[in-house]
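**Q** Read off the chains here:
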Amino acid sequence: MTSLLQNWAFKNILTALLLLGLLLLIRKLARREYWRLAAREIQQKKGAVISFWMLCLYLLIALLDSFGWRSPLHNPETGEIARHPQTQKIVYDKGASTLDHLLKPLIQKREKTYSAPLAEVQFTSEAQPDEKGIIRRIHPPLQHPGSHLLGTDRVGVDVLYQSLKSIRTGMIIGLLTTLLAVPFAMFFGISAGYFGGFIDDLIQYLYTVLSSIPTVLFIAAFMIIFGQGLPQLCLAMGIASWTSLCRLLRGETMRLRETEFVQAAIALGSPGWKIIFRHIIPNVLHLILITAMLRFSSEVLSEAALTYLGIGVGADTMSWGVMINDARSELTRDPIIWWKLLAAFLFMIGLVLPANAFGDAVRDALDPRLRTQD
Amino acid sequence: MTAYIIRRIIYVLPILAGVNLLVFALFFLVNTPDDMARQALGDKASDPVQIERWKEAHGYHQPHFFNPGEKGLKRLTGTIFFQKNLPMFWGDFGFSDMTLEPIGREIRKRIGPSLCLTLPIFLATLLTNIIIAMLLAARRGTTLDRLAQLFCVLLMSVSALIYIIAGQFFIAKTLRLVPVSGFLTGPAMLKFLILPIAVGIACGLGSGIRFYRTLFLEEINRDYVRTARAKGLGEGAVLFLHVLKNAMIPILTNVPIQLLMLIMGNLLLENFFSIPGLGGFTINAIASQDFAIVRAMVFLGAVLYLLGTLLADLCYSIVDPRIRLQ
Chain A
1 MTSLLQNWAF
11 KNILTALLLL
21 GLLLLIRKLA
31 RREYWRLAAR
41 EIQQKKGAVI
51 SFWMLCLYLL
61 IALLDSFGWR
71 SPLHNPETGE
81 IARHPQTQKI
91 VYDKGASTLD
101 HLLKPLIQKR
111 EKTYSAPLAE
121 VQFTSEAQPD
131 EKGIIRRIHP
141 PLQHPGSHLL
151 GTDRVGVDVL
161 YQSLKSIRTG
171 MIIGLLTTLL
181 AVPFAMFFGI
191 SAGYFGGFID
201 DLIQYLYTVL
211 SSIPTVLFIA
221 AFMIIFGQGL
231 PQLCLAMGIA
241 SWTSLCRLLR
251 GETMRLRETE
261 FVQAAIALGS
271 PGWKIIFRHI
281 IPNVLHLILI
291 TAMLRFSSEV
301 LSEAALTYLG
311 IGVGADTMSW
321 GVMINDARSE
331 LTRDPIIWWK
341 LLAAFLFMIG
351 LVLPANAFGD
361 AVRDALDPRL
371 RTQD
Chain B
375 MTAYIIRRII
385 YVLPILAGVN
395 LLVFALFFLV
405 NTPDDMARQA
415 LGDKASDPVQ
425 IERWKEAHGY
435 HQPHFFNPGE
445 KGLKRLTGTI
455 FFQKNLPMFW
465 GDFGFSDMTL
475 EPIGREIRKR
485 IGPSLCLTLP
495 IFLATLLTNI
505 IIAMLLAARR
515 GTTLDRLAQL
525 FCVLLMSVSA
535 LIYIIAGQFF
545 IAKTLRLVPV
555 SGFLTGPAML
565 KFLILPIAVG
575 IACGLGSGIR
585 FYRTLFLEEI
595 NRDYVRTARA
605 KGLGEGAVLF
615 LHVLKNAMIP
625 ILTNVPIQLL
635 MLIMGNLLLE
645 NFFSIPGLGG
655 FTINAIASQD
665 FAIVRAMVFL
675 GAVLYLLGTL
685 LADLCYSIVD
695 PRIRLQ
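Chains as they are written, first to last, in the numbering used here: chain A, 1 to 374; chain B, 375 to 700.
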């Protein structure tokens, strides 16, 4: 499973499919008057439009970081493409995403250890002999002075690069969790609400059992059993979160089932699955979208907390939670190292704040009953 | 009323059984005792004798559901399910995998410190959020309201970790107003608890105010509010006597769930401020991969939640008698 997820061809196809699905959904929705009106209402709000473009920027960076390729290794002396001595096959490197290729200058500018934003010298001092041969403690000059906008971390990696790489982790947590939860919630919620009876009892029992376990504890149990990592975390959060949407969809389906147009379809002899696809799903789509939008930001935020608790993505994945986790010990030094925490904070709020603002606008436009503004 | 209570209690029992089975499936079927032994033993894990010995010492050597090696009833009682999972129903949580200490005793010892932290946070958050939300609802549509809304979204968009780290750094480390972390019993406790409580309130401020404001605004458009205005009541009387009273029904009926969940402590705050509560206990168990403790906490959390929903339903049926008839 993990080796498959490290395969670039597989990752590229998966990302492309997700992107295609998203575009198809948008195209399909754009044909309906209800969604066009909602979009027009959102466009009239300045804050929502700015938030939208901000989210698009983050999505673009996450997409650039999701498509990648492996390049052949070169012989450092001759410059020729390296080949396997026996099989004569071209030898490739581990591969890098488009973002990595774009940020190559940033990656290559490694320092030895900590340096402050835009600093000329290293943050920590080292014992070095001066011109006369006397050993003094000095701050040695950086290899690339003034080129680290947000400084470097303990092993000399650029903090700006880490923050940019963390965007993909954050977006995946926010989007994939919902994407995993929605099919389950739709299937179970709609069948429970539509068919009622024994099926309803069974599904209600299932989600009551699952939702009675506190979310954090469920994720903790899941993560210590399956180990830390991004796919596991998405799965754990998805399983923990589908129940509330399921309950919501069940209630809404029960209400829709009694409406006249559904009753008419039943009376005309439409089969159950056709009614569900033609009449029920289009009428609960806005609820799913609102829930997904509002949940997105809280999921990005909880990644940081869960990573800190040791049940998150793990230290080998770059994420804002890992950065904040590192920053905790950096703040106990004297003088303090503040730039990693600040970078994680700024990049995180840059995603979560627009997501919250845009989510509010979407909710107001789609469901006037839930309006936050009077 | 009695019939309703009995019906509700009977309804909870199969759910509890389901939770128990789910916990069993996660901790013994998905993650087998062999896996646990291998993780606990580390590099010694390649030796099957060592694994058997570890399982024997921790009571994981028996079969899952049915023990054919025993006679009579022992075939059922001599199993992991009967020895490890079922006793959680009557509060017997067994022993820690790492230290072999009894978990039940540790839980009882840690409930106090957890409640000292979470109870004040809960009450203060409820009070501040309701007061501020009420004031905003009274001035709805004004610039103040809009600014406050914006500020709430901003507060919501900051991770709880940032609040904790910033609070600890500026108030405890730079200004030296309170100790950075630690815990004492008696009156000295206040010194240690005041910062975590303040941070806890700050964490819930943004979303709380918005939630209650929406709740109040929903109530404000009801008919009885129009009637109250029509008979000449002032805006203050309308809001605090009529709207608040009706809006409190959904708030207060949820209180039992939240009150019981307070026992579980606050994972982040207890960890950052070294408060010896149940939250810190859980985190330590996660860090040391102590499956027995995590299993006990998952079950305890579910039991408290279900008990809370039961009490909430009873509260609701007292407030709104129509529920009982359904």
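Hints listed in this document are in silico derivations from the structure and should not be mistaken for laboratory results.
Each hint should be verified, as a subset may be incorrect.
Straight-line alpha carbon distances no greater than 16 Å define the calculated EDC-like cross-link-like pairs of lysine to aspartate or glutamate that follow [to be verified]:
#	chain 1	residue 1	chain 2	residue 2
1	A	Lys45	A	Asp364
2	B	Lys483	B	Asp466
3	B	Lys429	B	Asp409
4	B	Lys547	A	Asp334
5	B	Lys619	B	Glu592
6	B	Lys547	A	Glu330
**Q** With reference to the structure, classify each hint as holding or not holding.
**A** Hints and how they fare:
no., hint, result
1, A:Lys45 x A:Asp364, "holds (11 Å)"
2, B:Lys483 x B:Asp466, "holds (15 Å)"
3, B:Lys429 x B:Asp409, "holds (10 Å)"
4, B:Lys547 x A:Asp334, "holds (12 Å)"
5, B:Lys619 x B:Glu592, "holds (13 Å)"
6, B:Lys547 x A:Glu330, "holds (14 Å)"
Checked against the numbered hints above, the structure breaks none of them.
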